[in-house]
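Visitor: Sequences listed follow chains A and B, in order. Anchor point for the first sequence: position 56 equals 89 in our numbering, and the numbering is continuous, going up by one each time. Anchor point for the second sequence: position 105 equals 138 in our numbering, and the numbering is continuous, going up by one each time.
Treat the hints with care, since some could be wrong.
From chain A, some residues computed to sit far from chain B (all C-beta separations above 10 angstroms) [stated by the list, open to error]:
#, residue
1, 86
2, 115
3, 135
4, 159
5, 183
6, 212
Here are the computed distance ranges between Cβ atoms for each label pair [stated by the list, open to error]:
#, chain 1, residue 1, chain 2, residue 2, range
7, A, 114, B, 103, 35 to 43 angstroms
8, B, 79, A, 251, 23 to 31 angstroms
9, B, 156, A, 174, 55 to 63 angstroms
10, A, 59, B, 59, 19 to 27 angstroms
11, A, 174, B, 59, 42 to 50 angstroms
12, A, 52, B, 147, 36 to 44 angstroms
13, B, 230, A, 59, 18 to 26 angstroms
14, A, 114, B, 195, 23 to 31 angstroms
15, B, 156, A, 180, 34 to 42 angstroms
16, B, 112, A, 51, 34 to 42 angstroms
17, A, 154, B, 51, 48 to 56 angstroms
Quick caveat, the hints were computed from the structure, so don't treat them as lab data. Note that the coordinates shown come from a computational prediction; the quantities given were computed from them, not determined experimentally. Backbone N, C-alpha and C define an ideal beta-carbon position, used for all residues, glycine too.
2 protein chains.
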Amino acid sequence: MNNPENLTPTQRSQIKRVPQRGNYERQVIYQILDEGLICHLGFAIDNQPFVIPTAYGRVEDQLYIHGSPASRMLRSLITGIEVCLTVTLLDGLVMARSAFHHSMNYRSIVIFGTASVVKDAEEKLEALRAFTEHVVPGRWAEVRQPSRQELQGTLVLSLPLAEASAKIRTGAPLDDEIDYDLPVWAGVVPLQLVAGEAIADSRLQPGITPPTYIQNYTRVHVK
Amino acid sequence: MNNPENLTPTQRSQIKRVPQRGNYERQVIYQILDEGLICHLGFAIDNQPFVIPTAYGRVEDQLYIHGSPASRMLRSLITGIEVCLTVTLLDGLVMARSAFHHSMNYRSIVIFGTASVVKDAEEKLEALRAFTEHVVPGRWAEVRQPSRQELQGTLVLSLPLAEASAKIRTGAPLDDEIDYDLPVWAGVVPLQLVAGEAIADSRLQPGITPPTYIQNYTRVHVK
């Protein structure tokens with residue numbers, strides 16, 4: 034019953050509402066995580082929840098987040114408390130004939146676990162590389178690499194991609210049978226995060242044009 | 034010192050890291066909430082955090098969320114536990130000359146508080162109207178209104194917009210002075226959630242074209 038292509042749902046990661054939208058396939062989870070740019074990271078202190086948006090990177094089955102060692106969030110996470118990391122891609126607005134059946138198309142990932150500090154210098158640099166490449170593939174090789182001081186001033190945490198699930202809604206509205214006769218427009222408004230024309234920094238050195246990976250920037254079909 | 038145009042920061046809502054990015058102006062908070070489509074709602078049970086993406090609506094200083102009475106999230110929230118509701122708009126990728134100074138432009142809102150069940154039938158209907166109109170202005174008047182059974186089968190919760198803050202980053206990268214000499218492209222890649230061409234439902238009644246509010250759908254400059 035143990036399929037390595039799938040994660041095993043647990044009490045907290047199993048999709049209970051509308052279970053047919055749940056998905057535990059590793060490749061599906063990878064794809065959503067790789068298309069997303071930010072996660073919402075949740076943790077609790079004395080049952081007081083905090084939900085903070087932050088960037089992330091992925092290397093195989095490790096998710097990396099980073100920040101200043103002074104960050105309240107990171108200082109909390111390094112104590113080993115439970116984390117819930119959620120990534121959501123909004124794909125469309127689902128317009129039904131009744132108010133009740135309006136919905137959204139989306140792909141989301143929820144990961145549960147505890148985060149660890151990445152201490153090994155090589156893994157830390159690799160995490161930061163993955164971090165930059167996750168946001169803008171091709172960028173890392175062109176920019177000034179982190180100095181020793183910058184590396185020391187960056188806290189990198191890893192969260193294992195072990196206890197996780199995807200939840201996905203796609204397709205058309207599902208109306209009550211009787212409502213299909215109504216003279217109301219119904220369907221889907223697709224949504225996508227789209228890059229506009231790059232804005233050069235005012236202090237750019239003369240003659241430098243945006244690289245191809247900036248000019249053609251898109252989140253769709255990454256990798 | 035009490036300016037009604039501003040929310041008063043509290044221990045948990047005050048922006049501590051990079052405080053100049055914090056903003057407590059009511060109109061700024063409204064605008065971000067009104068442009069957003071989904072929030073990430075955090076709560077904790079025995080210090081186990083959960084972060085769930087969900088849609089929302091706003092009427093003045095109340096945020097509304099809704100769902101099935103069977104939802105684990107809503108069943109937890111109605112017990113009066115603490116909630117952290119976060120809305121994030123990603124506005125751009127900030128490309129610096131060094132890996133270290135890469136950043137993102139964003140506008141986010143974090144709201145703390147406890148949610149209450151909306152029991153009053155009139156307020157509940159008004160919340161659902163706000164909910165639909167928040168996502169697609171103009172939609173509510175055209176669709177079949179909720180039946181008594183649908184209203185009974187929907188749990189609506191309100192969260193007061195009292196303890197909240199915005200955090201905003203805009204503009205160009207901030208590089209170390211020495212790095213401005215590097216021959217590296219730097220600037221901002223603007224990002225925006227854009228609506229594609231509407232996809233009509235396959236069972237649409239003949240002769241129905243998408244309404245203007247669907248054809249011209251945009252999240253920018255809502256209201």
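Visitor: Compute the least Cβ-Cβ separation between residue 115/A and chain B, then decide whether it is above 10 angstroms.
Guide: Nearest chain B Cβ is 5 angstroms from residue 115/A, so the label is violated.
Visitor: Is it correct that the beta-carbon of residue 86/A has no partner in chain B closer than or equal to 10 angstroms?
Guide: Contrary to the label, residue 86/A does not stay out of reach of chain B, its closest Cβ about 4 angstroms off (not over 10 angstroms).
Visitor: Using the C-beta atoms of residue 156/B and residue 174/A, is the stated range 55 to 63 angstroms upheld?
Guide: Because 57 angstroms falls inside the window, the suggested range holds.
Visitor: Using the beta carbons of residue 114/A and residue 195/B, state whether their distance is inside 23 to 31 angstroms or not.
Guide: holds (27 angstroms)
Visitor: Verify this label for me: residue 135/A is non-interface relative to chain B, using a Cβ-Cβ cutoff of 10 angstroms.
Guide: At about 6 angstroms from chain B, residue 135/A fails to clear the 10 angstroms cut-off, so the statement is violated.
Visitor: Closest CB-CB distance from residue 159/A to chain B, is it above 10 angstroms?
Guide: About 12 angstroms separates residue 159/A from the closest Cβ of chain B, which puts it past 10 angstroms; holds.
Visitor: Is the distance from the Cβ of residue 174/A to the Cβ of residue 59/B consistent with 42 to 50 angstroms?
Guide: Holds, since residue 174/A and residue 59/B (Cβ atoms, about 45 angstroms apart) stay within the stated range.
Visitor: Please check whether residue 156/B and residue 180/A have a Cβ separation lying inside 34 to 42 angstroms.
Guide: Violated, since residue 156/B and residue 180/A (Cβ atoms, about 57 angstroms apart) do not stay within the stated range.
Visitor: Determine whether the Cβ-Cβ distance between residue 230/B and residue 59/A falls within the hinted range of 18 to 26 angstroms.
Guide: violated (33 angstroms)
Visitor: I want to verify a distance hint. Is the separation of the beta carbons of residue 59/A and residue 59/B within 19 to 27 angstroms?
Guide: violated (45 angstroms)
Visitor: So residue 183/A supposedly isn't at the interface. Is its beta-carbon more than 10 angstroms from every beta-carbon in chain B?
Guide: violated (4 angstroms)
Visitor: Quick check on a hinted range of 36 to 44 angstroms for residue 52/A and residue 147/B, using CB atoms only.
Guide: violated (29 angstroms)
Violated hints, in rising order: 1, 2, 3, 5, 6, 7, 8, 10, 12, 13, 15, 16, 17; the structure is consistent with all others.
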